[in-house]
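> Respectively, the protein sequence lines represent chains X and R. Its first residue numbered 1, the first sequence is counted upward by one per residue in the numbering used here. Its first residue numbered 1, the second sequence is counted upward by one per residue in the numbering used here.
To be clear, the hints were calculated from the coordinates, so they are not data collected in a lab. There could be a bad hint or two in this list.
As the list claims (entries may be wrong) - Computed list of lysine-lysine pairs in DSSO-like fashion (alpha-carbon distance at most 30 angstroms, straight line):
| hint | chain 1 | residue 1 | chain 2 | residue 2 |
| --- | --- | --- | --- | --- |
| 1 | X | K361 | R | K106 |
| 2 | X | K312 | R | K14 |
| 3 | R | K77 | X | K309 |
| 4 | X | K91 | X | K350 |
| 5 | X | K167 | X | K283 |
| 6 | R | K231 | X | K325 |
| 7 | X | K325 | R | K220 |
| 8 | X | K69 | X | K154 |
| 9 | X | K309 | X | K107 |
| 10 | R | K104 | X | K349 |
To be verified - A few chain R residues that face chain X, going by a derived Cβ cut-off under 10 angstroms, partial list only:
| hint | residue |
| --- | --- |
| 11 | K94 |
| 12 | L102 |
| 13 | K106 |
| 14 | T189 |
| 15 | Y191 |
| 16 | L193 |
Stated by the list, open to error - Over the 10 angstroms line for every Cβ pair with chain R, so calculated as not near, a few chain X residues:
| hint | residue |
| --- | --- |
| 17 | G47 |
| 18 | R334 |
| 19 | F336 |
Where is the CB? At the ideal position from N, CA and C, for every residue including glycine.
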Amino acid sequence: MSAKLKLEDKDKETVSSSGIDLSESTRSAAFYQQDSQTKLYQSFQEGIDILSTEEALAKYPEAKEYFGKNFRLLNRDFPQDTDGGYFIRVKKGKTVEFPIQACLFLKAQGFQQKVHNLIIIEEGARVYLITGCSASHTANEGFHLGISEFFVQKGGYLNFTMIHSWKEDVTVKPISIAYLEENAVFISNYVCLRPVKEITMYPTAVLAGDRSRAIFNSLILSYPGSLHDVGSRVILRGDSTQAEITARAVSSGGKIIARGHIKAENKNVKGHLECRGLVLSEKGQIHAIPEMETDFRDVDLSHEAAIGKISKDEIEYLCARGFSKEQAQSIIIRGFMDVSILGLPDLLKKEIERIEDASLKGGL
Amino acid sequence: MLKIENLSVAIGEKGILQKINLKINPGEVVILFGPNGSGKTTLLKAIMGFSGYDIKNGQIIFKEKVLNNLSTEERVKLGIGLMYQHPPKIRGVKLQQLAQYLTKDKEKTLKLSERLSLQEHLSRDVNVDFSGGEMKRSELFQVLLQDPEFLLLDEPESGVDIENIGVMGGVLNEYLRKKGKSALIITHTGYILDYVQAERGCVLLDGKFWCIGDPKEMFKAIRESGYDKCKECICPQS
Numbered sequence: 001m002s003a004k005l006k007l008e009d010k011d012k013e014t015v016s017s018s019g020i021d022l023s024e025s026t027r028s029a030a031f032y033q034q035d036s037q038t039k040l041y042q043s044f045q046e047g048i049d050i051l052s053t054e055e056a057l058a059k060y061p062e063a064k065e066y067f068g069k070n071f072r073l074l075n076r077d078f079p080q081d082t083d084g085g086y087f088i089r090v091k092k093g094k095t096v097e098f099p100i101q102a103c104l105f106l107k108a109q110g111f112q113q114k115v116h117n118l119i120i121i122e123e124g125a126r127v128y129l130i131t132g133c134s135a136s137h138t139a140n141e142g143f144h145l146g147i148s149e150f151f152v153q154k155g156g157y158l159n160f161t162m163i164h165s166w167k168e169d170v171t172v173k174p175i176s177i178a179y180l181e182e183n184a185v186f187i188s189n190y191v192c193l194r195p196v197k198e199i200t201m202y203p204t205a206v207l208a209g210d211r212s213r214a215i216f217n218s219l220i221l222s223y224p225g226s227l228h229d230v231g232s233r234v235i236l237r238g239d240s241t242q243a244e245i246t247a248r249a250v251s252s253g254g255k256i257i258a259r260g261h262i263k264a265e266n267k268n269v270k271g272h273l274e275c276r277g278l279v280l281s282e283k284g285q286i287h288a289i290p291e292m293e294t295d296f297r298d299v300d301l302s303h304e305a306a307i308g309k310i311s312k313d314e315i316e317y318l319c320a321r322g323f324s325k326e327q328a329q330s331i332i333i334r335g336f337m338d339v340s341i342l343g344l345p346d347l348l349k350k351e352i353e354r355i356e357d358a359s360l361k362g363g364l
Numbered sequence: 001m002l003k004i005e006n007l008s009v010a011i012g013e014k015g016i017l018q019k020i021n022l023k024i025n026p027g028e029v030v031i032l033f034g035p036n037g038s039g040k041t042t043l044l045k046a047i048m049g050f051s052g053y054d055i056k057n058g059q060i061i062f063k064e065k066v067l068n069n070l071s072t073e074e075r076v077k078l079g080i081g082l083m084y085q086h087p088p089k090i091r092g093v094k095l096q097q098l099a100q101y102l103t104k105d106k107e108k109t110l111k112l113s114e115r116l117s118l119q120e121h122l123s124r125d126v127n128v129d130f131s132g133g134e135m136k137r138s139e140l141f142q143v144l145l146q147d148p149e150f151l152l153l154d155e156p157e158s159g160v161d162i163e164n165i166g167v168m169g170g171v172l173n174e175y176l177r178k179k180g181k182s183a184l185i186i187t188h189t190g191y192i193l194d195y196v197q198a199e200r201g202c203v204l205l206d207g208k209f210w211c212i213g214d215p216k217e218m219f220k221a222i223r224e225s226g227y228d229k230c231k232e233c234i235c236p237q238s
């Protein structure tokens, strides 16, 4: 399905603020869904299947096996009333040069968008996927439920970056499970720098294959009236698997619950959780809940958490270099929300830095 | 250049400095001696105007301007620069970013970073995972790019290896001499005296100045007899 996407100017801005390149000049494939309608999908490179989940289920018999597979693996239920979502498959051995992008957009007032995405990275394939979720100014009281199942096969590499750009009355509930085979790498980045009513998410990665690795990073800015209950969970099931969870949370008045859970189910595994939080206003709240558990002795699990206000020493240090107090504060916050922790290639890193600069400028 | 008159400073309820008087002329370098906890760093931070250092009495005058009620930023703009003893880590902020703010002269940044072996540090987060010596070099680097007329150096050489003390001392002395700058330098080890031509030394004990004299003579006397003897002021006066 390929045609030109029609968006009003205001919506273009919103969609772009979730990391979507509407020119597609720096993307290797793209998918757009508005409310429950698939608007457009196309691939600019061989070896990438990209289409709506419904069409994929009809077209590829194997797609049915993937649908719900990760939930069955963990004996978990999942909502069945989904309508739409994307199917992305990168073929064996394929290295995708430019990122693939998927846009999920809320437009109609009070619309309840419920999608189920399937992402399959075949053996040895390497890909960057950026998913931008956003809400039009017209989408008052909107709701978004996003189920994502990731399958990273032997030696595959997936760097998945999800950028949320909602509005203050939208409720959001992403549910994701990633399954990793031997030597697979899954990097999941979550960026949310715009207001939202409530976000609840606790994505899980099951590191089933030996020597597989998962990294979860999140950059969250919470505004007055927002509730972010976000976390990441990694199950270290294979031998010598590794996990890193890093969260940077800034509250300018909202409430952030930053969870993290690493579970060792095999020996020689390694996991580290890090949560740093800055509370900028009296009304802001941050609650860090790191959890670690092991059934084995030969494991290396650790965590560090630090939450509080901006350090006075850091502000004065920058003032002693000639910055004003306000400049010093914004430099420190900008540094704290360091995009380089996301492990992105230069192109995406710069794009997200631009989005962050704009959000911090407007939001603080 | 700098005139401190009858200055008393408290941190919270605790009086730290008592009725301090000090005058530093343009182009003059003064060394500040004193045991741990005697108030040396407090004096430097009070000059910078950091919060929590309450001036209870007296005034700090710089270039004929009373600093007491000026913000740190305003004091820096007047020409005061501080090299920290223990600088904080600033995550996600690169040394290069600060250098760019401090000077537009890229050539100068490059040359100085080379001399102080900091080229690789430019792309690193400020003070994060820096060794003690690297922090001191980065501090000197920043304060010299800032190009202040009056330098406050808080133990510039502590934790620095001998070779790098030589490099830092050389760079610092060149800056002070060539540009006719003034400085107030805290030292415990005295190594810096081998590189910097200091006119005067003074000893701070229990928040008061006890002795003013030739810094090298003073350091020798302190090494031999300890700080207690300073109260008797045994050094020849300069």
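> Each hint: holds or not?
These are the hints, each one checked on the structure:
Using a Cα cut-off of 30 angstroms, the hinted pair X/K361 and R/K106 holds, with the two alpha carbons roughly 28 angstroms apart. With a CA separation close to 20 angstroms, the supplied pair X/K312 and R/K14 stays within the 30 angstroms bound. Our distance criterion of 30 angstroms between C-alpha atoms is met by R/K77 and X/K309, whose separation comes to about 27 angstroms. Our distance criterion of 30 angstroms between C-alpha atoms is met by X/K91 and X/K350, whose separation comes to about 28 angstroms.
With a C-alpha separation of about 20 angstroms, the suggested pair X/K167 and X/K283 falls inside the 30 angstroms cut-off, and the hint holds. Taken as a hint, the R/K231 and X/K325 pair is broken in the structure, with Cα atoms around 41 angstroms apart against an allowance of 30 angstroms. At most 30 angstroms may separate the alpha-carbon atoms for a hinted pair to count; X/K325 and R/K220 exceed this at roughly 42 angstroms. Annotation: proposed proximity of X/K69 to X/K154 holds, straight-line Cα distance about 17 angstroms (limit 30 angstroms).
Distance hint between X/K309 and X/K107 is unfulfilled; the C-alpha atoms sit about 37 angstroms from each other, more than 30 angstroms. Between R/K104 and X/K349, the direct Cα distance comes to roughly 25 angstroms. Compliance with the 30 angstroms bound is thereby established for this hinted pair. Interface hint status for R/K94: upheld, as the beta-carbon distance to the closest one in chain X is roughly 8 angstroms, under 10 angstroms. A hinted interface residue such as R/L102 counts as satisfied when its beta carbon comes closer than 10 angstroms to some beta carbon of chain X; here the least separation is about 6 angstroms, so the hint holds.
Using the Cβ-Cβ criterion of 10 angstroms, the hint placing R/K106 at the interface with chain X is not satisfied: the shortest such distance is roughly 18 angstroms. At about 24 angstroms, the closest approach between the beta carbon of R/T189 and any beta carbon in chain X exceeds 10 angstroms, and the interface hint on this residue is violated. The criterion of a C-beta within 10 angstroms of any C-beta in chain X is not met by R/Y191, whose closest approach is roughly 24 angstroms, and the hint is violated. With a cut of 10 angstroms, the hint placing R/L193 at the interface with chain X is violated, because the nearest CB-to-CB distance is about 25 angstroms.
Non-interface status of X/G47 relative to chain R is upheld: no Cβ of that chain comes within 10 angstroms, the nearest being about 35 angstroms off. The claim that X/R334 is not at the interface with chain R is violated, since a C-beta of that chain comes within 10 angstroms of its own (minimum 7 angstroms). Listed as a non-interface residue, X/F336 fails to keep its Cβ farther than 10 angstroms from every Cβ of chain R; the least gap is roughly 6 angstroms.
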